[in-house]
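*Asks:* Below, each chain spelled out in residue letters.
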Amino acid sequence: MRARSQRMIMVAIAALVLIGAIGLALIAMRDAVILFYSPTEIADAPPALGERIRIGGLVEEGSVVRPADGGADFRVTDGVGTIHVTYDGSLPDLFREGQGVVAEGAFHSPDTFTATTVLAKHDETYMPPEVAEALREGDVWQGESDE
Amino acid sequence: MIAELGRFLLALALALSVLQMMGGWRASGATATLAGKVSANAAYAALVSVVIAFALLIVLFLQSDFSVAYVAGHSHVDKPLFYKIAAAWGGHEGSMLLWCSLLVGVGAALAKFALNHDVSLKFRAVSIQGGLQILFLAFAAFTSNPFDRLVDIPVQGADLNPILQDPALAIHPPTLYIGYVGLSAAFSLAVAGLIEGRGGAAIAAALRPWALFAWSALTGGIALGAWWAYYELGWGGWWFWDPVENASFMPWLIAAALIHSAIATEKSGNFAGWTCFLAIMAFSLSTLGAFLVRSGVLTSVHAFALDPERGLWILAIMTIIAGGGLALFALRSGKLGSGSGFSLSSREAFIGANNLLLVTVAGTVLFGTLYPLISGALGDTGISVGAAYFNFTAAPFLAALLILLPLAPFLPWRKQGFNRRLAMRSAVWILAGVLAGIWALILGATPIAVGAAAFAGWTLAGIAADVWHHRVIVGMASRFSLAGRVLAHAGVAAIALGAVADSTGRPETVRALAVGETLEANGFMLTLDAVQRADGPNYLADEARIGVTGRSLTELRPQRRFYTAGETTTREVAIRSGVGGDLYVSLGEPRTRDDGVIAYEVRASFNPMVWLLGLGAMLIALGGLTAFVGNVAAARRRQ
Numbered sequence: 001m002r003a004r005s006q007r008m009i010m011v012a013i014a015a016l017v018l019i020g021a022i023g024l025a026l027i028a029m030r031d032a033v034i035l036f037y038s039p040t041e042i043a044d045a046p047p048a049l050g051e052r053i054r055i056g057g058l059v060e061e062g063s064v065v066r067p068a069d070g071g072a073d074f075r076v077t078d079g080v081g082t083i084h085v086t087y088d089g090s091l092p093d094l095f096r097e098g099q100g101v102v103a104e105g106a107f108h109s110p111d112t113f114t115a116t117t118v119l120a121k122h123d124e125t126y127m128p129p130e131v132a133e134a135l136r137e138g139d140v141w142q143g144e145s146d147e
Numbered sequence: 001m002i003a004e005l006g007r008f009l010l011a012l013a014l015a016l017s018v019l020q021m022m023g024g025w026r027a028s029g030a031t032a033t034l035a036g037k038v039s040a041n042a043a044y045a046a047l048v049s050v051v052i053a054f055a056l057l058i059v060l061f062l063q064s065d066f067s068v069a070y071v072a073g074h075s076h077v078d079k080p081l082f083y084k085i086a087a088a089w090g091g092h093e094g095s096m097l098l099w100c101s102l103l104v105g106v107g108a109a110l111a112k113f114a115l116n117h118d119v120s121l122k123f124r125a126v127s128i129q130g131g132l133q134i135l136f137l138a139f140a141a142f143t144s145n146p147f148d149r150l151v152d153i154p155v156q157g158a159d160l161n162p163i164l165q166d167p168a169l170a171i172h173p174p175t176l177y178i179g180y181v182g183l184s185a186a187f188s189l190a191v192a193g194l195i196e197g198r199g200g201a202a203i204a205a206a207l208r209p210w211a212l213f214a215w216s217a218l219t220g221g222i223a224l225g226a227w228w229a230y231y232e233l234g235w236g237g238w239w240f241w242d243p244v245e246n247a248s249f250m251p252w253l254i255a256a257a258l259i260h261s262a263i264a265t266e267k268s269g270n271f272a273g274w275t276c277f278l279a280i281m282a283f284s285l286s287t288l289g290a291f292l293v294r295s296g297v298l299t300s301v302h303a304f305a306l307d308p309e310r311g312l313w314i315l316a317i318m319t320i321i322a323g324g325g326l327a328l329f330a331l332r333s334g335k336l337g338s339g340s341g342f343s344l345s346s347r348e349a350f351i352g353a354n355n356l357l358l359v360t361v362a363g364t365v366l367f368g369t370l371y372p373l374i375s376g377a378l379g380d381t382g383i384s385v386g387a388a389y390f391n392f393t394a395a396p397f398l399a400a401l402l403i404l405l406p407l408a409p410f411l412p413w414r415k416q417g418f419n420r421r422l423a424m425r426s427a428v429w430i431l432a433g434v435l436a437g438i439w440a441l442i443l444g445a446t447p448i449a450v451g452a453a454a455f456a457g458w459t460l461a462g463i464a465a466d467v468w469h470h471r472v473i474v475g476m477a478s479r480f481s482l483a484g485r486v487l488a489h490a491g492v493a494a495i496a497l498g499a500v501a502d503s504t505g506r507p508e509t510v511r512a513l514a515v516g517e518t519l520e521a522n523g524f525m526l527t528l529d530a531v532q533r534a535d536g537p538n539y540l541a542d543e544a545r546i547g548v549t550g551r552s553l554t555e556l557r558p559q560r561r562f563y564t565a566g567e568t569t570t571r572e573v574a575i576r577s578g579v580g581g582d583l584y585v586s587l588g589e590p591r592t593r594d595d596g597v598i599a600y601e602v603r604a605s606f607n608p609m610v611w612l613l614g615l616g617a618m619l620i621a622l623g624g625l626t627a628f629v630g631n632v633a634a635a636r637r638r639q
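Residue numbers (this note's numbering), protein chains in the order written: chain A, 1 to 147; chain B, 1 to 639.
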């Protein structure tokens, strides 16, 4: 009988831990989920000002301005919509005009996206899936192997 | 010719694996027979074939044979010799060949070393391993053959991604893969034990050394990857909760749970079903990791290629492995026998708590990693889960783990273990925890970090007491098992401390500097003295000479490299390591100011006590290996 009640206690502890984990996961997920928007989607239904989001597309040719004191201003396009992005951090080494890019940050004014992080695509064969999707919808996508 | 021979050997290894599986199956259930010999020799021959195939792939790289698609895609005539060799496993096809080679190696090792006192179980495991080899060799041969030829032969080759041309990254994948694939031995032994209807204790004893070895290698592989990310990506971080990092962390957690629960199962038969379940899950999660890395379904800094077809193949293989293993488990776990039962404050209960916490963390990491896929399937595409989720969900459980960790070695098996002596002993540890908390407070840590430091102090004091008590006072019989336990546990505490210290670091300073200008970072004055050319064999480079004054005088030389073949720019950070931490400097792009002066972007940060993380990982891996050696030696003595 004693062994049985001890087993009950152990099961109860395990259940508590698991319920706690599920609760924590659900609470954390609410704040940690970051939505991805393509330039077109932002034109159609702009996110709230200050909401932390990710945007992605191609860096528009000829749009990059690099101030002498660091950071960059550029436009991200998916062929239909365009977003003006301002960024005062260090650009990734793979950042180039005409290449895929993902930026994380928020709109602090309706027409300028303030990026806190800029991720450029990692190598020749890789395109972030969200960017590829956005480009396909914008008809800029050239197919799988256009190198 | 060489490529064709490689193709042939790959197919031969596949055929030999079939022989290994069938022979092994026939040999089990009977005493050593001809079938057993056939199976074992097929396993050895398969190993010879894949090793030669792999050597041939390296030869193709050394010859820069660009008629082979994989070589053309990952090498270049100008590349240094070392990276020509490392490129053999730097891309998808080559790394699959490495995976297969190791899997076959595990098969041969099982045939040679495992369970020579229980031949029936041994050959059942060799047979299961043969089945795993067939799945992956077929995948490599039919969808990812590194020996495929190109129709249009390029002159120069595309070069390996420059950030992968790095010593740590050359040995990171093999080490990691030894860990991933080593877990297949535990899988095969657990499945074989379930089929044979062996008791839990026998299965646990059989799989424990394999799990220990694989887990140690996995630790080393993950640590090398984190180290590489720290100094090569140039972001200053070492863990990003990237899907691919998570993919290696989940099997690590499950394997850590496994090596603990297997001890209890071997000792008293408790957790028998659970140990088998963990063995099945550990290798299934390894395969899931391969799927996540290879398929490109998740946005990751590591994604090799966007190839859903290969992803589906691996998903199918994973379904067979996990589904088959778990179905068998459901059918046969009744035969494992039940344990002796144990009290709430016994060693078993604490091992159970350790397992509960580790598996819970693995579960929340799995949920967070796969959440973008789940929500994508529900029509809500393009979601990413931030690092905050993982920190928030993992931290409380890992903290609980640190609290319970030092108590467990002082508890007896089965019996009630809390007494006044343990209470008095642990009061001293509480004092150590308080001191560590005060130390973190002085460093300026956040409240959470102060708490974590306190837990780590408590844990370290408890580990010291473990050494003192069990070595000096009691004189514990096995030095290896005590040393392994203490090293690995101290490593966990060191990593906790390192993570705490790291979180107290201040944000980096970024400024555009012309030659002669200075920036201040964490008490150091950094002056850009000069920028000069420092070209390498396959890249052009600018090298900055940055004089550091402040707490010490030194010169740092970060580089900015341009790899001509792939037209990619990378940065080589310069790090000055000290006891207090790392001064971490990277060189960004040059900009021209209005007056024509060229200024270089310099990023500097001070990362406190990063060495604790490296030390911790080394201790954990070393502890695992020590326990492995002790376990094997003990098994030898018993025979």
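Careful, some of the hints might be misleading.
[To be verified] No farther apart than 25 Å at their CA atoms in a straight line, the calculated lysine to any residue pairs in the SDA-like style are these:
id	chain 1	residue 1	chain 2	residue 2
1	B	112	B	166
2	B	335	A	11
3	B	335	A	10
4	B	415	A	87
5	B	415	A	73
6	B	267	A	14
7	B	335	A	6
8	B	415	A	6
9	B	415	A	14
10	B	415	B	482
11	B	37	B	64
12	B	335	B	19
13	B	267	A	10
14	B	415	A	117
Please keep in mind that the hints were generated in silico from the structure rather than gathered at the bench.
*Asks:* Of the numbered hints stated previously, which ones are contradicted by the structure, given in increasing order?
*Replies:* When the structure is compared with the hints, numbers 1, 4, 5, 11, 12, 14 turn out to be violated.
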